[in-house]
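Novice: Using the sequences plus the hints, can you model the full thing?
Chain by chain, the residues:
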Amino acid sequence: MLDLVLQALQTLFTPEHFMYLLLGVLLGLVIGIFPGLGGIAGLSLLLPFLYGMDEVSALATLIGLVAVIPTSATFTSVLMGIPGSSSSQATVLDGFALAKKGQASRALGAAFSSSLLGGLFGVIILTFFVQIARPMILLFGSAELFMLAIFGLSMVGSLSGKSLVKGVVACGFGILVGSIGAAPATGEFRMTFGINYLYDGLPLAVIALSIFAFPEISELFRKETAIAEETDMGKAGMLTGVKDLIKNKWLALRCAGIGTIVGAIPGMGGSVVDWIAYGHVVQTTKDKSQFGKGDIRGVIAPESANNAKEGGALMPTLLFGIPGSGSMAVFLGGMVLIGIEAGPSMVTKDIDLTYTIIWSLAIANVIGAGLSLFLAGPISKLTQIKFSLLAPFMIMVISFAAFQSTKDMMDLWMLLCFGLIGIFMKRFGWSRPAFLIGFVLATQAESYLNMSVQFYGWEMFWRPGVIIIMLLSLISVYYSRKGTVDENAELMKKEMPTELNRRPQLIFAGLILMFILVAIFDSWQQSFLGKVFTLSIAYAILPFAIWLIWIYLKGEATNAAIFDAEQVSEAGTFKAPWYEPILWIGGLYVVSLLTGFIPAIMLFFIAFFTLKANTNVWRTALLTAAGTAFLMLFGYFLNLEFPQGIFF
Amino acid sequence: MTRNQLTQILGLSALFLGTFFLSSTLQQAPEDLAEEIQSDNTTSYFEDKTIEWIIPFKEGGGGDTWARFNAPFFQRHIPGNPAIVVNNIPGGGSIKGANLFAERVKPDGLLILGTSGTTQMPYLLDDPRVRYDYKKYKPVMAYPTGGVAYVSPAIVSEELRQLKVTSVEEQLEKSVRIIQELIDGNIQLKYGSQGPTSLDLVTMFSFDLLNLNVQAVFGFRGRGAGRLAFERGEVKIDYQTSSAYLKNSIPLVENGEAIPLFSFGALDENGQLIRDESFANSPVGIIDGDTMKVNVPHFGEVYERLGNSLSGIEWDTWFAFMSAGFGGMKLLLTPKETPDEIIAEFHAGISAMKEDPEYQRNKFKALGTYKQVIGKPADKIFDLATNVGQAEKRYMKNWLKEKYDLNLMTTEKK
Numbered sequence: 035m036l037d038l039v040l041q042a043l044q045t046l047f048t049p050e051h052f053m054y055l056l057l058g059v060l061l062g063l064v065i066g067i068f069p070g071l072g073g074i075a076g077l078s079l080l081l082p083f084l085y086g087m088d089e090v091s092a093l094a095t096l097i098g099l100v101a102v103i104p105t106s107a108t109f110t111s112v113l114m115g116i117p118g119s120s121s122s123q124a125t126v127l128d129g130f131a132l133a134k135k136g137q138a139s140r141a142l143g144a145a146f147s148s149s150l151l152g153g154l155f156g157v158i159i160l161t162f163f164v165q166i167a168r169p170m171i172l173l174f175g176s177a178e179l180f181m182l183a184i185f186g187l188s189m190v191g192s193l194s195g196k197s198l199v200k201g202v203v204a205c206g207f208g209i210l211v212g213s214i215g216a217a218p219a220t221g222e223f224r225m226t227f228g229i230n231y232l233y234d235g236l237p238l239a240v241i242a243l244s245i246f247a248f249p250e251i252s253e254l255f256r257k258e259t260a261i262a263e264e265t266d267m268g269k270a271g272m273l274t275g276v277k278d279l280i281k282n283k284w285l286a287l288r289c290a291g292i293g294t295i296v297g298a299i300p301g302m303g304g305s306v307v308d309w310i311a312y313g314h315v316v317q318t319t320k321d322k323s324q325f326g327k328g329d330i331r332g333v334i335a336p337e338s339a340n341n342a343k344e345g346g347a348l349m350p351t352l353l354f355g356i357p358g359s360g361s362m363a364v365f366l367g368g369m370v371l372i373g374i375e376a377g378p379s380m381v382t383k384d385i386d387l388t389y390t391i392i393w394s395l396a397i398a399n400v401i402g403a404g405l406s407l408f409l410a411g412p413i414s415k416l417t418q419i420k421f422s423l424l425a426p427f428m429i430m431v432i433s434f435a436a437f438q439s440t441k442d443m444m445d446l447w448m449l450l451c452f453g454l455i456g457i458f459m460k461r462f463g464w465s466r467p468a469f470l471i472g473f474v475l476a477t478q479a480e481s482y483l484n485m486s487v488q489f490y491g492w493e494m495f496w497r498p499g500v501i502i503i504m505l506l507s508l509i510s511v512y513y514s515r516k517g518t519v520d521e522n523a524e525l526m527k528k529e530m531p532t533e534l535n536r537r538p539q540l541i542f543a544g545l546i547l548m549f550i551l552v553a554i555f556d557s558w559q560q561s562f563l564g565k566v567f568t569l570s571i572a573y574a575i576l577p578f579a580i581w582l583i584w585i586y587l588k589g590e591a592t593n594a595a596i597f598d599a600e601q602v603s604e605a606g607t608f609k610a611p612w613y614e615p616i617l618w619i620g621g622l623y624v625v626s627l628l629t630g631f632i633p634a635i636m637l638f639f640i641a642f643f644t645l646k647a648n649t650n651v652w653r654t655a656l657l658t659a660a661g662t663a664f665l666m667l668f669g670y671f672l673n674l675e676f677p678q679g680i681f682f
Numbered sequence: 003m004t005r006n007q008l009t010q011i012l013g014l015s016a017l018f019l020g021t022f023f024l025s026s027t028l029q030q031a032p033e034d035l036a037e038e039i040q041s042d043n044t045t046s047y048f049e050d051k052t053i054e055w056i057i058p059f060k061e062g063g064g065g066d067t068w069a070r071f072n073a074p075f076f077q078r079h080i081p082g083n084p085a086i087v088v089n090n091i092p093g094g095g096s097i098k099g100a101n102l103f104a105e106r107v108k109p110d111g112l113l114i115l116g117t118s119g120t121t122q123m124p125y126l127l128d129d130p131r132v133r134y135d136y137k138k139y140k141p142v143m144a145y146p147t148g149g150v151a152y153v154s155p156a157i158v159s160e161e162l163r164q165l166k167v168t169s170v171e172e173q174l175e176k177s178v179r180i181i182q183e184l185i186d187g188n189i190q191l192k193y194g195s196q197g198p199t200s201l202d203l204v205t206m207f208s209f210d211l212l213n214l215n216v217q218a219v220f221g222f223r224g225r226g227a228g229r230l231a232f233e234r235g236e237v238k239i240d241y242q243t244s245s246a247y248l249k250n251s252i253p254l255v256e257n258g259e260a261i262p263l264f265s266f267g268a269l270d271e272n273g274q275l276i277r278d279e280s281f282a283n284s285p286v287g288i289i290d291g292d293t294m295k296v297n298v299p300h301f302g303e304v305y306e307r308l309g310n311s312l313s314g315i316e317w318d319t320w321f322a323f324m325s326a327g328f329g330g331m332k333l334l335l336t337p338k339e340t341p342d343e344i345i346a347e348f349h350a351g352i353s354a355m356k357e358d359p360e361y362q363r364n365k366f367k368a369l370g371t372y373k374q375v376i377g378k379p380a381d382k383i384f385d386l387a388t389n390v391g392q393a394e395k396r397y398m399k400n401w402l403k404e405k406y407d408l409n410l411m412t413t414e415k416k
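Here the protein sequences come in this chain order: U and W.
Using the numbering used here, read the first sequence as starting at 35 and increasing by one per residue.
Using the numbering used here, read the second sequence as starting at 3 and increasing by one per residue.
It cannot be assumed that every hint is accurate.
[As the list claims (entries may be wrong)] What follows is a set of in silico ranges between Cβ atoms, one per label pair, in the way DEER data are often shown:
id	chain 1	residue 1	chain 2	residue 2	range
1	U	Ile541	W	Met3	27 to 35 Å
2	W	Gln362	U	Leu173	41 to 49 Å
3	U	Ala574	W	Lys403	53 to 61 Å
4	U	Phe555	W	Gln164	56 to 64 Å
5	U	Leu57	W	Glu306	19 to 27 Å
6	U	Pro169	W	Gln164	22 to 30 Å
7	U	Leu172	W	Lys403	30 to 38 Å
8	W	Ser159	U	Leu57	51 to 59 Å
9	W	Lys403	U	Gly669	39 to 47 Å
10	W	Lys403	U	Phe555	22 to 30 Å
11	W	Gly291	U	Ala574	27 to 35 Å
12	U	Lys283	W	Gln362	50 to 58 Å
13	W	Ala85	U	Asp88	19 to 27 Å
Derived from the structure by calculation, the hints contain no laboratory data.
We put the CB at the ideal spot given by N, CA and C, even for glycine.
Specialist: Written out as structure tokens, the structure reads:
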């Protein structure tokens with residue numbers, strides 16, 4: 035096998051192959067930085083050109099692109115709190131918190147070196163395992179996949195913050211939102227209320243952006259500071275981040291292992307890998323106090339996992355022709371165009387090609403991480419810019435990212451709607467990671483439960499794999515109660531005014547309760563298989579939701595569940611009312627309906643800069659021109675669509 | 003807001019919006035374009051133009067690969083070398099992309115739609131979300147495919163497992179005996195399905211007509227997932243479309259892990275069901291070291307041999323939906339009103355494409371053995387694929403309702 039690796043490396047380092055790899059990496063870096071695009075846009079861009087190229091070069095470019103996306107996605111996660119890709123969400127929690135403390139370059143330094151280590155480690159595991167991967171992957175049947183979803187859900191305990199009640203309800207709420215659309219077992223439509231858009235369910239990108247990025251943007255908008263509230267430049271350069279990784283290398287390696295395994299299991303979907311890694315690091319650390327507020331380990335864990343995941347995802351893609359992740363689906367398409375056939379031959383007659391692919395991935399990771407580290411310092415300076423100058427760009431980016439999900443105006447309305455929910459969840463201390471995990475795992479849990487019951491009956495619980503994973507989940511739940519992540523912890527420690535006005539929190543909780551009731555009512559209309567899962571979840575969390583309302587009505591002021599960031603923060607932190615960001619962004623979308631997105635962005639930029647940033651004519655014009663040009667160029671090259679207006 | 007700010011906003015807005023709209027109106031109006039072709043003989047119609055090809059599927063899937071394989075050849079060979087841009091609009095099982103096409107298309111040849119068998123099904127079943135009407139379109143190109151159903155040897159008796167065959171006739175005998183065995187033993191088979199209104203319905207209907215006791219387990223995303231479940235042993239019967247069968251299932255057959263039963267067949271020029279030549283040179287199994295390379299019988303033969311007649315409402319329904327789903331697997335559509343001159347440009351390009359040695363070298367890998375056809379053969383395929391008689395429609399809808407007891411949205415369209 036060593037000879038195969040050496041042979042692969044030899045092919046790799048031929049100037050031609052290397053050049054194409056580099057091309058792919060550069061393309062991947064540029065595209066990966068923009069949230070919502072992911073590998074898909076880049077790969078679609080490349081596909082027409084792949085046709086003419088020879089097999090090895092085309093493959094090199096493809097791999098370069100795919101390898102680097104999780105790395106570059108980290109930029110927006112850390113610097114702006116905008117999850118760059120579906121596997122960079124957990125990074126936002128601590129990464130962005132560090133950026134707010136002025137330690138953005140440290141966070142990036144740690145993130146990129148973790149990505150490097152994670153990616154390389156993943157490849158090493160692959161090298162050893164790829165030849166026996168096939169039978170191993172086949173061991174994971176629907177029962178095991180169901181249990182893995184449960185394992186993912188068990189992480190919620192560690193991520194719920196001080197109030198477990200709210201964490202459970204948040205998770206259940208996420209599961210119910212994730213169930214909107216067609217029931218996996220029967221195809222019946224649940225909670226769609228006749229809205230066409232909802233038939234396919236809510237896209238992950240829209241939910242992730244609205245729940246994580248939107249509230250951050252809204253908060254920064256109202257606080258009117260730069261992203262970096264403090265400047266800690268002295269002790270927090272990029273190299274500090276690298277040193278942090280070295281200090282925590284075993285953690286990174288463990289998480290890389292987790293990432294590779296999760297990536298390799300077809301049907302898991304790579305978007306929970308970062309949460310699993312994050313949950314793992316929380317559970318296995320003694321001092322959890324800083325998680326959610328800028329603990330560098332909260333960056334190292336998910337970042338090593340998500341790069342390793344891409345390597346893992348290569349296995350089902352190459353060996354079975356079943357893409358292990360979204361970007362792998364396009365990679366597979368590219369392979370077909372180049373004329374390479376996935377399947378068992380990849381480990382028999384085409385094994386040398388397989389090793390070339392695997393090690394190209396490794397080298398691409400090295401180059402990608404290296405370049406990113408290099409850029410980390412200068413790009414971090416963005417966090418020091420006055421927010422009012424940066425805000426319109428950020429809003430533009432998340433809007434077009436959300437829009438790429440289904441290229442429907444509803445993407446933007448849902449962004450707004452769930453953005454509002456995200457804002458209130460953050461304000462009232464509801465765990466957003468719990469919500470997201472529920473959302474992501476809902477379909478998986480339900481599909482595989484349905485399948486495994488039909489394939490194995492209740493005997494499924496006696497399968498060895500299932501028992502092992504079940505034990506892991508129980509252990510996870512046990513550890514979770516020993517301490518959790520709480521992003522609002524600092525605020526909570528302050529002296530609470532003894533009489534918080536509980537009305538806003540109560541109303542929000544009441545609305546969530548109503549949603550649960552609607553879900554129950556909707557479920558009654560479905561057939562047995564269509565309703566059993568959602569109804570069970572809804573009934574399970576109903577008592578918790580009711581209990582929460584009871585706490586608001588009758589509980590002591592010191593109860594952990596009672597929290598309102600707005601009232602607890604110092605007076606004068608927020609310089610604008612809570613609805614102002616919504617009005618601006620909503621206004622942008624309404625105008626888009628009339629004039630199309632690009633003219634609407636122009637108007638938005640002009641109005642925003644003039645009114646909120648007080649820039650003079652020249653600066654406003656320049657910034658607006660820059661934003662618009664950028665949007666149009668990107669749209670042209672990547673063939674993106676923008677919302678069309680009635681008039682234009 | 004101060005007066006200065008207001009002035010600034012209004013002034014800059016006027017400037018930017020003005021520039022934007024000026025540049026958009028400078029682009030030519032589409033109606034003029036169609037006239038060009040008649041008046042100008044020196045430059046081709048498609049010169050300097052871009053053709054947008056809507057694919058209502060995600061990047062990387064079968065439909066997408068078909069389009070992306072063809073696109074560069076179209077660009078190279080259609081007179082005028084138009085830029086071809088593939089636009090993926092997935093959603094609603096391909097309904098969304100097709101709806102968008104219906105909304106935006108004009109008879110100018112600049113927007114084309116590539117449908118798959120999956121797009122035909124909701125249309126034929128009167129799904130209320132469908133807002134596209136095949137009656138308004140005609141095919142520029144069509145491309146059929148087939149499929150093969152196979153079972154796991156675990157459910158086949160030792161005797162039949164070891165039965166060697168030397169001709170397709172003998173394979174037909176073998177398949178019939180296996181099926182009879184399964185029926186007699188009332189063996190319940192599980193099948194990994196994508197959904198009752200997906201292309202799978204043809205397969206499930208086929209199993210039902212054969213009196214096989216097959217329980218569909220839904221929720222599988224793509225046929226690849228179904229195949230994986232078969233490999234894991236969770237599912238004992240599966241089918242794959244031709245290229246997937248050849249690439250991924252034949253290795254299983256060679257390994258003794260799968261036994262092919264029947265293919266869906268192919269349609270000859272008269273629209274009659276015949277054996278599918280794609281499988282003529284593939285193994286149906288290896289016993290005692292002997293590789294048996296015979297063709298796979300088609301569904302019609304197997305059905306008939308089991309004592310059924312190739313007539314009557316059940317057969318007609320099967321045939322109608324099979325040709326819709328598989329016979330018309332890939333259709334490239336344009337509105338009926340598109341002038342013949344424009345269609346001729348497409349056809350010239352496609353004919354040239356087929357002469358291209360690079361196309362010929364690579365087409366087997368991307369397309370299998372089926373030919374992409376134009377002209378009358380394409381029209382025939384289109385006709386079969388998009389027209390299903392009222393009686394057959396009703397029969398299928400009832401079957402779906404009875405079998406799956408679902409709250410499916412099916413309403414009679416005029």
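Novice: Confirm or reject each hint.
Specialist: Results of checking the hints against the structure:
1. Ile541/U / Met3/W: 27 to 35 Å: holds (32 Å)
2. Gln362/W / Leu173/U: 41 to 49 Å: holds (42 Å)
3. Ala574/U / Lys403/W: 53 to 61 Å: About 33 Å separates the Cβ atoms of Ala574/U and Lys403/W, which means 53 to 61 Å is violated.
4. Phe555/U / Gln164/W: 56 to 64 Å: About 58 Å separates the Cβ atoms of Phe555/U and Gln164/W, which means 56 to 64 Å holds.
5. Leu57/U / Glu306/W: 19 to 27 Å: At roughly 57 Å between Cβ atoms, Glu306/W and Leu57/U fall outside 19 to 27 Å, so the hint is violated.
6. Pro169/U / Gln164/W: 22 to 30 Å: About 25 Å separates the Cβ atoms of Pro169/U and Gln164/W, which means 22 to 30 Å holds.
7. Leu172/U / Lys403/W: 30 to 38 Å: holds (36 Å)
8. Ser159/W / Leu57/U: 51 to 59 Å: Holds, at about 57 Å.
9. Lys403/W / Gly669/U: 39 to 47 Å: holds (45 Å)
10. Lys403/W / Phe555/U: 22 to 30 Å: At roughly 24 Å between Cβ atoms, Phe555/U and Lys403/W fall inside 22 to 30 Å, so the hint holds.
11. Gly291/W / Ala574/U: 27 to 35 Å: At roughly 57 Å between Cβ atoms, Ala574/U and Gly291/W fall outside 27 to 35 Å, so the hint is violated.
12. Lys283/U / Gln362/W: 50 to 58 Å: holds (54 Å)
13. Ala85/W / Asp88/U: 19 to 27 Å: holds (24 Å)
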